[in-house]
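Got chain A; can you put chain B on it based on the hints?
The chain contents come next:
2 protein chains.
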Amino acid sequence: MSAATGSPLPRPGEGAFGKERIRVLYEVQAAAGQIEAIAQAIAVEQSVELPLAAITDQRVLDHTVGQVHLIRPLGDASGAGDGDGIVHARVDHSPLGRRGLDRYEVAIDLALDTMGLAGSASRGLDIAQMMNMLFGNTSLHAHVQWVDVEWPECLRGTFAGPQFGLEGIRDLTGARGRALTCAALKPQGLPIEALAKLCHTFALAGIDIIKDDHGLSDQAYSPFAERVRACQGALDKVRDATGVRTVYAPSLTGSPRRLIEQARIAEDAGCAMVMMAPSLIGLPVFAEMVADRISVPVLAHPSMGGAARIAPPLLFGSLFRLLGADASIFVNHGGRFAYSRGQSLLIAEHARKPLLGTRAALPVPAGGMTVERVPEMLNDYGEDVMLLIGGSLLIAREDLLERTRAFVHSVHAHGRA
Amino acid sequence: MSAATGSPLPRPGEGAFGKERIRVLYEVQAAAGQIEAIAQAIAVEQSVELPLAAITDQRVLDHTVGQVHLIRPLGDASGAGDGDGIVHARVDHSPLGRRGLDRYEVAIDLALDTMGLAGSASRGLDIAQMMNMLFGNTSLHAHVQWVDVEWPECLRGTFAGPQFGLEGIRDLTGARGRALTCAALKPQGLPIEALAKLCHTFALAGIDIIKDDHGLSDQAYSPFAERVRACQGALDKVRDATGVRTVYAPSLTGSPRRLIEQARIAEDAGCAMVMMAPSLIGLPVFAEMVADRISVPVLAHPSMGGAARIAPPLLFGSLFRLLGADASIFVNHGGRFAYSRGQSLLIAEHARKPLLGTRAALPVPAGGMTVERVPEMLNDYGEDVMLLIGGSLLIAREDLLERTRAFVHSVHAHGRA
Chain A
446 MSAATGSPLP RPGEGAFGKE RIRVLYEVQA AAGQIEAIAQ AIAVEQSVEL
496 PLAAITDQRV LDHTVGQVHL IRPLGDASGA GDGDGIVHAR VDHSPLGRRG
546 LDRYEVAIDL ALDTMGLAGS ASRGLDIAQM MNMLFGNTSL HAHVQWVDVE
596 WPECLRGTFA GPQFGLEGIR DLTGARGRAL TCAALKPQGL PIEALAKLCH
646 TFALAGIDII KDDHGLSDQA YSPFAERVRA CQGALDKVRD ATGVRTVYAP
696 SLTGSPRRLI EQARIAEDAG CAMVMMAPSL IGLPVFAEMV ADRISVPVLA
746 HPSMGGAARI APPLLFGSLF RLLGADASIF VNHGGRFAYS RGQSLLIAEH
796 ARKPLLGTRA ALPVPAGGMT VERVPEMLND YGEDVMLLIG GSLLIAREDL
846 LERTRAFVHS VHAHGRA
Chain B
446 MSAATGSPLP RPGEGAFGKE RIRVLYEVQA AAGQIEAIAQ AIAVEQSVEL
496 PLAAITDQRV LDHTVGQVHL IRPLGDASGA GDGDGIVHAR VDHSPLGRRG
546 LDRYEVAIDL ALDTMGLAGS ASRGLDIAQM MNMLFGNTSL HAHVQWVDVE
596 WPECLRGTFA GPQFGLEGIR DLTGARGRAL TCAALKPQGL PIEALAKLCH
646 TFALAGIDII KDDHGLSDQA YSPFAERVRA CQGALDKVRD ATGVRTVYAP
696 SLTGSPRRLI EQARIAEDAG CAMVMMAPSL IGLPVFAEMV ADRISVPVLA
746 HPSMGGAARI APPLLFGSLF RLLGADASIF VNHGGRFAYS RGQSLLIAEH
796 ARKPLLGTRA ALPVPAGGMT VERVPEMLND YGEDVMLLIG GSLLIAREDL
846 LERTRAFVHS VHAHGRA
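Which chain is which? The protein sequence lines are A and B, in order.
The opening residue of the first sequence carries number 446 in the working numbering; numbering runs sequentially from there.
The opening residue of the second sequence carries number 446 in the working numbering; numbering runs sequentially from there.
Same shape as in the complex, but just chain A (with noise of 0.2 angstroms):
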């Protein structure tokens, strides 16, 4: 009986959501003979996590128990290539790989009605507690890695995506028919009157977005709200001189409490987009701050979001644009980060692709990328990306200006020619 409504409850596979499954996609590396037995335990780790021996609910064993769906052989774990295509986002720098053992996709179906989606309206689903269940303890196997999910239709309207995504930024920044640019405030440790004077250099410069460096929190030696509206304070200048209007992007940080401070703070300084990371914050606290606090854009970072064993592609692709990233920082290949082309490619177009009816996200490769890279990059990606670029600016040093002009010009000129 349920107290609220005085109605019984549901048992496992009836009411909504009841008969549903969710496919999720596993990389498991296993010595020949082990792979089946290996991927029954998965399934069963991420459903009931107990014997099928200890149960007794015959209803339990039918539908809530997870059910392997698929194994395929992958080849040699020691193998570099990328799979056929059926693997959607395998990572390509992983921790599978060692001598002797092979590689397999496992595609397991879990009861969707798992996922704590009971209750209350079209936001019911607890993202912590989907996360629990497609990868919680699994998490803690190191062959196994989190590849993809294939997301049912029935969770249509559950994920807000994007508030307003890669059309929404091309609207705030009036950037149409082109790339978007992005440079960064850097390095931390500089006082704010410095930060607030590459805000200025880089809108003389004709940049759309200027982001804070993620490491910039609210140290003693730049505060966050008076960084913030020194920042925005100068963009503000700039614009009110020449008509340039250019979006600055600060990093919230924190606790949800120091969260929920940080998004007023940049709202009251009339700052037009803010950047937050979702694996160092949490993923359901960022989707919680998009949908409750946030009324801008969303930039978001991927810091911490590699320590975990999930395929970057679903992570910094799809999960963070369902969970409302309007454009996601993600690493490029060919910089500071070993990520391969393929690999890069792959996070672009999950940030992209048609999923659950959620508006398209921005994808911004970045880490280490140059302004000599742009026409390569803009090949790779098309025009619908936002190009990130710091160190390669910055260390032009008393050029700052010239060459971030450069770097504007080369992203405008493309495919002008």
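Just so you know, the hints here were simulated from the structure itself, not pulled from any lab data.
Treat the hints with care, as some may be off.
[To be verified] If you want the footprint, here are the derived chain B segments under chain A, 3+ residues with CB under 8 angstroms:
no., stretch
1, 468-482
2, 496-507
3, 631-639
4, 653-660
Glycine included, each C-beta is placed from N, C-alpha and C at the ideal position.
This is chain B only, laid out in the frame that chain A set:
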């Protein structure tokens, strides 16, 4: 100038914590001849995130840039050795172990004033920013693991640590001079009455603490509020009838709003303990919930934690404890997960050792344990431990009471021969 105080802001290296550094230990997999460059790159990534040539501010160069303190070879990456003890908490089932690469311990000193300790009082540390600066972007490097931190004494009083700790849980349960016992409510999918009946049986058998399966959240078939009231109610009845007081720890899961609501429901129902999974809800959220919303001991669950490339003793031992876990569930060796004995014992050590003046937390080894292993586990861990057995009790089915009594008896009798 600080708008709030009118006094000039400190520069890096000035003011409270200005001169302090925090030493962070990583394990890095690298080809011979590359380790110096990689260590320097980590020091830069975790501080200014900018080529040094791009930094014009001498104070930032002198103070804010991270410094490589030590590089020490640990032997071939494919080796399975435990190191020689200087690596405090190496992950031994780690992604490190590729062919032709060597393993190194790298110690890097970071400026403490980057961690967001600014402004306010003793709990000024921003947990998200601390994680960001200690491992944020470096988490994107698959060949680097975050192994440990040498916590500087100046952080004493900064972390709240457990509110009750190991001794507080002994006070609560009355368990003295012996290890504690814990059982789990599972599988999910059971109706509420069946879960309440399990509580009744476990209590009659003399279990100290009953925890929710971490998969139980707010599902249609067992909504949080009704489940918690029913389970606590079952234990209240046993207490009234027999005087036996068994503690129930419901699992709180979700976004901050859901967590706050669930904490209130649990408190209203009279629950004397709660469980949360810090890596699932977000470490900063966990710390803030403990500080602001929870007035009973907190049991930490490792779900999603293993996904982090953070050494388990650091994450489940030190970090969860510093953020307020009174007890911490972790994987014991020889069960369903591939942890070594040394690794598991080291987690317990991190939970109990002197650490910045915080209370010791109660270690809870688990993950496929059996009644038969009780003597061995108690010999390994000593009596300051709580043994958690789940499936191995429930598999007794109609003999559950008897089997649970055997578990309780085995723990109580240990060492009294």
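Against the earlier hints, flag every one the structure doesn't satisfy and list their numbers going up. Those not satisfied come down to hint 1.
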